[in-house]
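Since chain U is already given, all that's left is putting chain P on it; use the hints.
Those protein sequences? They're chains U and P, same order as listed.
Numbering of the first sequence is given in my numbering, commencing with residue 1 and proceeding in unit increments.
Numbering of the second sequence is given in my numbering, commencing with residue 1001 and proceeding in unit increments.
One or more hints might be untrue.
[What the hints assert, rightly or not] Facing chain U, from chain P, some residues (calculated, C-beta under 8 Å):
id, residue
1, 1014
2, 1019
3, 1057
4, 1070
5, 1072
6, 1076
7, 1077
8, 1092
9, 1179
10, 1193
[As the list claims (entries may be wrong)] Here chain U is said to cover these stretches of chain P; the calculated rule only asks that three of the stretch's residues, wherever they fall, bring their Cβ under 8 Å from a Cβ of chain U:
id, stretch
11, 1028-1037
12, 1100-1114
13, 1168-1178
14, 1196-1206
It is worth saying that the hints were derived from the structure and are not from the lab.
This structure is a prediction, so every number in the text was calculated from the model and none was measured.
Just so it is clear, CB atoms sit at the ideal spot from N, CA and C, and this is done for glycine as well.
There are 2 protein chains.
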Amino acid sequence: MPIEIPDVVIDRLPIYARALNLLQRSGREVVSSQELGAQLGVTPAQIRKDLSYFGRFGKQGRGYSVPRLLEELRQILGLDRDWLMVLIGVGQLGRAILAYGGFAPQGFRIVGAFDADPGLVGQEINDLVIKPASELKLSLTQRPADIGIVATPAAHAQAVIDDLVGCGVKAILNYAPIAAHVPPDVHIKDIDPVLSLQSMTFYLKGQLAVAGVK
Amino acid sequence: MPIEIPDVVIDRLPIYARALNLLQRSGREVVSSQELGAQLGVTPAQIRKDLSYFGRFGKQGRGYSVPRLLEELRQILGLDRDWLMVLIGVGQLGRAILAYGGFAPQGFRIVGAFDADPGLVGQEINDLVIKPASELKLSLTQRPADIGIVATPAAHAQAVIDDLVGCGVKAILNYAPIAAHVPPDVHIKDIDPVLSLQSMTFYLKGQLAVAGVK
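Bound-form chain U, shown alone (with noise of 0.2 Å):
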């Protein structure tokens, strides 16, 4: 049943479930799918379609039960576990990675840091010990990882990658500005702040256009 959802419904949930919980945190019981949509610039009727996928929730004209939606969208999304994680990279922007504080509170646990520079490995960043990336393969034998952040320069995030599907790993959170490739049964998602930059400047420039500057 998964395999016919679109990509774009299951990006969304994730949105839906943290506005819903930022609702029932603030006490409320019911929300529409219109209230819903006007905070994150959805329409109503692209929220009923999304969750229609799953079965019925609310009743017509009636909105949404807060915490009944909120725990079916986390059971559906598995956000009712822990996952645990290991990053590959830890430079400037693997520290950033480590030292950010909204992983653990959702379930996500960095549990192996790993660096090719032997002037960081040994050293100890949130309770974590750097070890060598050549340890990286044995390290995920031993103890699975489901999740691989990749945080390393752009030339060895290939190299790296093939290293964890080669170790089991199914989803991938790449920070390295490439393209990689990856079986059809691993999950990768990018993190490329150039390419949000490089689509928002097709508007700015049309902004321009219309204002007679270009």
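Chain P alone, transformed into the frame defined by chain U:
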């Protein structure tokens, strides 16, 4: 005309431009939509459809001229000029953004860095002296920027975004984990690793279920 092009198409153009750039550097003159698609995990039909929004590129059966298509995409996306950016929030994440080597070669120049912490103000990082956050609006009046990068804690992000919008900034790259509100003429892209992780665990969970683990 740009107004009719779906956002998802615009989001793919920088990916095409990057692949063409790599092809050009390796001396390639021509590329087919099949080859480009195979490299990027996009169907050839999708590539042809995306590009058709902007006119006719390439000849049937002959593929695309790499330098010509790249040049066209650079013009369409506004990558043939420099864009000025200001960064707000110079904590661990902000410092990683300042140190990131990927912006400048693509024409994205950080020309101002701001933080609310008096202990950081006055420090120099990569030739930029960190200014007090309270001076953001004055500074933008004196020296406008095209793009604002928000790397503050979540609690301060919307106020900073409001200030940027109030100063005429029309594009925002937001690293804070909030669903920010901006007017319709302002473009915002969220860089949020947790949302990316949460949409991958949907598939991980499915694979575990298939494997009988859960």
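Evaluation of the provided hints:
{"no.": "1", "hint": "1014", "result": "4 Å, holds"}
{"no.": "2", "hint": "1019", "result": "6 Å, holds"}
{"no.": "3", "hint": "1057", "result": "17 Å, violated"}
{"no.": "4", "hint": "1070", "result": "13 Å, violated"}
{"no.": "5", "hint": "1072", "result": "13 Å, violated"}
{"no.": "6", "hint": "1076", "result": "7 Å, holds"}
{"no.": "7", "hint": "1077", "result": "5 Å, holds"}
{"no.": "8", "hint": "1092", "result": "5 Å, holds"}
{"no.": "9", "hint": "1179", "result": "6 Å, holds"}
{"no.": "10", "hint": "1193", "result": "6 Å, holds"}
{"no.": "11", "hint": "1028-1037", "result": "violated (count 0)"}
{"no.": "12", "hint": "1100-1114", "result": "holds (count 5)"}
{"no.": "13", "hint": "1168-1178", "result": "holds (count 4)"}
{"no.": "14", "hint": "1196-1206", "result": "holds (count 11)"}
Hints 3, 4, 5, 11 from the list above are not met by this structure, while the remaining hints are.
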